[in-house]
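A.B. asks: Sequence:
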Amino acid sequence: MSPVLAGVLQLLALIVALGLSYRPLGDHMARVYSSEKHYRPEKWIYKAIGANPNVEMRWPAYLRGVLAFSAVSVLFLYLLQRIQGSLPGSLGFVSIDPDQAFNTAASFVANTNWQSYYGEQAMGHVVQTGGLAVQNFVSAAVGIAVAVALVRGFARSRTGELGNFWADLVRGTVRILLPIAVIGALVLVACGAIQNFAGIHEVGQFMGGSQQWNGGAVASQEVIKELGTNGGGYFNANSAHPFENPNGLSNLFEIYLILVIPFALTRTFGRMVGSLKQGYAILGTMATIWVVFTGLMMWTEFAHNGPAFDLAGGAMEGKETRFGIGGSSIFAVATTLTSTGAVNSFHSSYTGFGGGITMLGMQLGEIAPGGVGSGLYGMLIMAVIAVFIAGLMVGRTPEYLGKKIGTREIKFAACYILVTPALVLGFTAVAMALDTPSHSMTNSGAHGFSEILYAYTSGANNNGSAFAGLNADTQWFNSTIGIAMLLGRFLPMVFVLALAGSLAEQTPVPETAGTLRTEKPLFTGLLVGTILIIAGLTYFPALALGPLAEGLAA
Numbered sequence: 002m003s004p005v006l007a008g009v010l011q012l013l014a015l016i017v018a019l020g021l022s023y024r025p026l027g028d029h030m031a032r033v034y035s036s037e038k039h040y041r042p043e044k045w046i047y048k049a050i051g052a053n054p055n056v057e058m059r060w061p062a063y064l065r066g067v068l069a070f071s072a073v074s075v076l077f078l079y080l081l082q083r084i085q086g087s088l089p090g091s092l093g094f095v096s097i098d099p100d101q102a103f104n105t106a107a108s109f110v111a112n113t114n115w116q117s118y119y120g121e122q123a124m125g126h127v128v129q130t131g132g133l134a135v136q137n138f139v140s141a142a143v144g145i146a147v148a149v150a151l152v153r154g155f156a157r158s159r160t161g162e163l164g165n166f167w168a169d170l171v172r173g174t175v176r177i178l179l180p181i182a183v184i185g186a187l188v189l190v191a192c193g194a195i196q197n198f199a200g201i202h203e204v205g206q207f208m209g210g211s212q213q214w215n216g217g218a219v220a221s222q223e224v225i226k227e228l229g230t231n232g233g234g235y236f237n238a239n240s241a242h243p244f245e246n247p248n249g250l251s252n253l254f255e256i257y258l259i260l261v262i263p264f265a266l267t268r269t270f271g272r273m274v275g276s277l278k279q280g281y282a283i284l285g286t287m288a289t290i291w292v293v294f295t296g297l298m299m300w301t302e303f304a305h306n307g308p309a310f311d312l313a314g315g316a317m318e319g320k321e322t323r324f325g326i327g328g329s330s331i332f333a334v335a336t337t338l339t340s341t342g343a344v345n346s347f348h349s350s351y352t353g354f355g356g357g358i359t360m361l362g363m364q365l366g367e368i369a370p371g372g373v374g375s376g377l378y379g380m381l382i383m384a385v386i387a388v389f390i391a392g393l394m395v396g397r398t399p400e401y402l403g404k405k406i407g408t409r410e411i412k413f414a415a416c417y418i419l420v421t422p423a424l425v426l427g428f429t430a431v432a433m434a435l436d437t438p439s440h441s442m443t444n445s446g447a448h449g450f451s452e453i454l455y456a457y458t459s460g461a462n463n464n465g466s467a468f469a470g471l472n473a474d475t476q477w478f479n480s481t482i483g484i485a486m487l488l489g490r491f492l493p494m495v496f497v498l499a500l501a502g503s504l505a506e507q508t509p510v511p512e513t514a515g516t517l518r519t520e521k522p523l524f525t526g527l528l529v530g531t532i533l534i535i536a537g538l539t540y541f542p543a544l545a546l547g548p549l550a551e552g553l554a555a
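Following the numbering used here, the numbering of the sequence shown begins with 2 at its first residue and continues without gaps.
To be clear, the hints were calculated from the coordinates, so they are not data collected in a lab. Think of the CB as a built atom: it goes at the ideal place given N, C-alpha and C, for glycine as much as any other residue.
With a Cα cut of at most 20 Å, we get these calculated SDA-like pairs of lysine to any residue: (1) Lys412 - Met394; (2) Lys38 - Asp28; (3) Lys405 - Glu506; (4) Lys405 - Cys416; (5) Lys405 - Gly161; (6) Lys405 - Leu527; (7) Lys412 - Pro61; (8) Lys412 - Phe491; (9) Lys278 - Ser22; (10) Lys521 - Met394; (11) Lys48 - Val175; (12) Lys278 - Pro522; (13) Lys38 - Asn53; (14) Lys412 - Ala423.
Using C-beta positions, here's what the derived DEER-type ranges look like: (15) Ala545 - Val293: 19 to 25 Å; (16) Thr322 - Lys405: 53 to 59 Å; (17) Thr398 - Gly20: 33 to 39 Å; (18) Val73 - Ala430: 30 to 36 Å; (19) Thr516 - Asn197: 57 to 63 Å; (20) Pro42 - Leu80: 23 to 29 Å; (21) Gly407 - Ala545: 34 to 40 Å; (22) Gly200 - Trp45: 30 to 36 Å; (23) Arg159 - Ala191: 47 to 53 Å; (24) Gly296 - Ala430: 31 to 37 Å; (25) Ala7 - Thr516: 43 to 49 Å.
Put together the whole structure using the sequences plus the hints.
C.D. replies: See below:
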């Protein structure tokens, strides 16, 4: 079987698996967030944290819950790393330095999982399982909760109430993420991923010296890092490491985990607003971008010219032979079009255009299908922008799902789409202008610029993947990327929840003959065009200096 055919068949198998999961999972999540029943374990949690799950919250209270929980999480994870040297199960590792502890705490709480350290040489079992893995669950649940709050804003009227953050957080963790993670971990163990609490042991000789590895609860952390679109690996090689991702079957399963909740949330959205067709329109937009990006990535990686590429069957540098170009390309697009950031190959080794595709996927806002929760609310913000543009074209007050998009709503949406580009381009410009940050670049010229642009794109978009050539374990990058991750995660949530509150207060507008039909393919095309134009106008100059210049020079 040719490598190209193998890649296409993997893509088709993935689409079938996602299609079979779409309806049951989407409906289940809609029931979870619409239910008034509390399970006994959930009641124990509410009692422990002192929360009343039956109290409805307006958007400021909901936001305070999000920020308070996240602030406590950052502090807890920071302190856990700082005292690691005194904890049992530390494997002899010392406590983490303050700047790196801050960066890691911000990273995992912000659902980014940017790692400027070697996981197998820095973090013991307690920090990995009691700190990082826990944040993989709850940070994902926070993202889904905010998305559900926005959906309620569209679904409700004449009230500013968006639900209860604590109930949404607990239900998302207990009823959605935990059950799937348990089953997924068993699948990964069956595929060959490790799951233990072994210490450091020698596995063989390497270049004249002994090679040592430590064990860990890898399968359970691997499954939630993909399912929750987190991305932080137990080992530095991430999902290219055989302990995390042993073979082609586990690779395809991990891609499935990355995509299944973000895609299924579109059905949850359609079910909660009372129109499945609206969910299908959002799904069609996400799927169109994802398929196009995957096809372009496979084309540029398979078709790159040159004797070495011809012998290898394509651009195999930086890719694992057990995954091939097809499995690596599908994984790379899935992980950068979502906020996952996990890697089974080194994006820095991709062709110039291939590296640009991974970067552009993040710069679109990671909305196709995006992170768990963040992809849906990001896409709905883009839908608000799209109907506003359509309203300007025909001289009519824009409406979406029966809600008027007025001055207040469009200001919230505009602020949302401006936050991340300001962080990415601002920090990149400062880093390139100063002497010290540029010394961390392994490469010069266009590729070196791409390393820094990719780092801040990844951090501010809460992705977490890296171009692999940048030494980011410095005070400058640990601090600035940590700030970018926190601002890139929580500032947009402010505008999302404010928009949700504004929409929930409105009285529904009756549909007329002049109402834009947002469930039709025409709107899907308008939405795709809006996304590409906004991202293109924002990032094209920076992309032209980096991956485009490198690709044209190749």
